[in-house]
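Peer 1: Sequence:
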Amino acid sequence: MANDDVTKWGETAGVPLSPEQVAKVLVDNGVALGQSGRSEEAVAVYADVVQRFGAANGPVLRKLVAQALFNEAIMLGNLGRTADELAVYEDLIGRSRDASDVMLRDLVTRALFNKGVRLGELERNDEALAAYEGVVGRLGTANELPARELVAMALLNAAVMFRRLGQTAHALARYDDIVVRLGTASELPLRDLLARALGSKAVTLGEAGRIDEEIAVYEIMVRRFGAESELPLRRQVAWALGNKAARLCQTGRTEDEIAAWAEIVERFAMASEPLLRVPAAEALFNTGNKLGQIGRPEEAIAAYDELLARFGGPGERYMREQVARALVSKGGMLSQIGRSDEALAVYDEVVERFGTASEPALRELVANARQHKLSRLRQLGRSEDEIAVFDDFIGHLGTENEPTMRQRVATAMVHKGVRLAELGRDEEALAAYDDVVERFGAATEPVLTEHVAWALFNKAVRLGQLERREHAIAVYDELIARFETSSQPALRERVAKSLYNKGVGLGELGRSTEAVAVHDQVIGRFGTAAEAILREHVAKALVHKGLRLGQLGRLDEELAVYDELVARFGTASERVLREQLAKALVNKSIRLGQIGRKDEQMAADEEVLRRFGTAKEPLLREQVGIALYNKGVRLGQLGRSEQAIAIYDEVVARFGAASEPVLREQVAKSLGNKAARLAKMGRNDEAIAVYDEVIARFGAASEPALREHLAKALVNKSVKLSEMGQNGETIAIYDEVIARYGTASEPAMRVRVAKALVSKGIRLGEMGRNEEEIVAYDEVVVRFGTAAEPAVCEQVGWALSNKAIRLAQKARAEEAIAVYDDLIGRFSTASEPVIREQVAKAMVHKAVRLGELGRGMQEIAVYDDVIARYGAAKEPALREQAAKALHNKAVALRQRAGSAAGISP
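Quick note on my numbering: the sequence shown kicks off at 523 and runs consecutively.
Rather than coming from a laboratory, the hints here were simulated on the basis of the structure.
With a straight-line cut-off of 20 angstroms between C-alpha atoms, the simulated DMTMM-like cross-links for lysine to aspartate or glutamate are:
#, residue 1, residue 2
1, Lys1332, Asp1343
2, Lys585, Asp620
3, Lys585, Asp570
4, Lys1138, Glu1096
5, Lys1332, Glu1293
6, Lys1396, Asp1386
7, Lys1277, Glu1288
8, Lys546, Glu563
9, Lys1277, Glu1230
10, Lys1120, Asp1078
11, Lys1120, Glu1079
12, Lys585, Asp628
13, Lys1277, Glu1354
14, Lys1234, Glu1215
15, Lys1234, Asp1214
16, Lys1138, Glu1182
17, Lys1277, Glu1311
18, Lys1277, Glu1293
19, Lys1234, Glu1268
20, Lys1234, Glu1245
21, Lys1120, Asp1085
22, Lys1277, Glu1258
23, Lys1277, Glu1251
24, Lys1138, Glu1128
25, Lys1202, Glu1245
26, Lys1277, Asp1257
27, Lys546, Asp570
28, Lys585, Asp613
29, Lys1234, Asp1257
30, Lys546, Asp628
31, Lys1234, Glu1208
32, Lys1138, Glu1172
33, Lys1332, Asp1344
34, Lys1277, Glu1294
35, Lys1332, Glu1374
36, Lys1396, Glu1354
Between beta-carbon pairs, the in silico distance windows are:
#, residue 1, residue 2, range
37, Pro882, Leu753, 21 to 31 angstroms
38, Gly1247, Pro1226, 26 to 36 angstroms
39, Arg839, Glu950, 34 to 44 angstroms
40, Asp863, Ala784, 28 to 38 angstroms
Note that CB positions come from ideal geometry on N, CA and C, so glycine has one too.
Please work from the sequences and hints to get the whole structure.
Peer 2: Written out as structure tokens, the structure is:
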């Protein structure tokens, strides 16, 4: 051991050391060991001193033992052995508490102070407070500078303890005690402590909500120390002004706040010390922010420019962060006032100045500048430039290992994929998502695994939008396989969404059984989850499971699923859950109606109205509108026309001014049904007035569903007018339908136009305007002769059939036969019953016309063709035509033999 070496040396010299000398050598040895970082050895040496000489009464040994204890405690604290440290301080205090020696008293007092500090760190606030009060009690009347300084520090720390204990008044009293004790001090350390006490008092007042008093104390600090030249005091003044400005900001005293920032700039912008220049730069930055917030952008930009002019030079190495922040904020302010090119130039300046910086704060600001530039480019529609910035961002930071920067790169890569998809550059977007998975797929950091899931999810969604559903399902499966066991909330959400979307995709592919199984996975995995987003997807999965079961014809199971949703979420208050509940009830109502369970259907509709009738959320309003409309339909089916009309009127009253497409459609349907109901009741004038309301409300609508209802209203109005003998008005309506929708591409609208032309021809024929009638029929063939839609082909068939009949009536038999041949040639292979009947009738009529022209052999041949084609047909209408052909053939043969029997067309 070290003391063994010392004793041996003393004996070799022939002069043994005294105990005091040995203790002194050991203490010095401990100091040397401590200074060289050998703390454990130093502790052992100090402990040896205490063990050897702790019981000594000599004054020198008592001091050396006390010094050894004090030093040992310091070393133990450095080693983190807090309990041992506190025990040693207690030993020292206990040994020398009542000593009269100045050194011993000083060591005890310092031990008390250090003990207080350590106890405070341990949140043992009452014990720490007692220690500090002990310091003040021992040195309270001392005049020596070190003692006064230690007392002030103890009072400061005691005030902190009182604040922690919620004893604000006691804390303020301690600060005031410092002010009284040090108010006239001239020594810099004491004046610095005085300033710190005033500052802490101000903060304490602020914490207590005494804002005006807090600000007043900051002003006292500025008055007391504002003219001082010493750096510590000038720093306190800068700090006080900064806190004053911040507090003025919080209390909305904007002009006073700006004045406080300006005072910092005025006092310290020209200082040579970086510790003072930095607050001045921050004051200019805060001035710019405040001016921007209150709508004074030009002044804000001027403040940022002043900061850059004062502190943006190459020699201002302490100001790099402030300069970068000012540039980023200036760019944002320029963007706000539409000076986009200047904003982009400023962001580029940030990258140019600080793009290679290694300081984390600067790297963060450079990343911010790039992100702001991306946002601005997007707003300007400069897509190619935006993608280039993404690539620059990713290329610049792509090899970084710092977690924050890796996250930024991952985010940029995902956003690049999103932007490419929005631009329709789908293959590049998918590749961007793949890059995220390739780069970060093996990462274990939660935020990066979330980005991988994000990229996979976006890729799958985009594939679905591109109708590449099988591929989309495979990507959902990859996401699920990677993260299905994760407990991270974000990943659980992605898995739930992926399962749900997979189920929807399978349903769209017609794989309903698989879809049901996947929706069951959502319900099974997350059915007991407490998280709102997961509950939402369980509800959505139940709705879609019900729809798929319905498609599979498993109707009882479908209805049971809707009931399960009601049981699970019937009392939920969350908007999305209420929406899914409403959807389930509406779907249940529709299905019950389809299977003839009308009373239960009405009950389901009533439940929707009871639960959601007063809801203001758009989707709930839509479901209420659907339920009301369905109720009206059901009442009409029951023959309760007046009640049905009242419900349709309620739909119009509630939702007539709505802008939502679904509600506008319910209004249009309700008005149409009301008009039809009125017509059935013989109230034709009222019915026509309602059709006119449909036309007035939706005449300019562009939505396909509303255009369809408008066309339907026009046609129904024309039918009603025709029944009332008002053919002129009827034809005008048909012309309106043709003019409005003649170029429409929607199948339903093409059918409407074709029907309008056919009906127009019929009405013209009734009015004796036969040539115009034939022109109308020809227009049907010209417009729709090559159509593939069966409903449109049916109208072409009627147009040709009616034209041929009219030609025959006008004794233009050859032309009539040519038209019949056209009809037969076009549709002879058709499978639709109505068109097959048209062909059969055309053949019979053609044969009759041939007979009239004396072309008996051809006539008989056509009858034979009809009999061969349709004699064994399943459809009664076709067998009827075959029977006519057989009868007519017999008549024709008898006529050729001299019989006078008639032929039936």
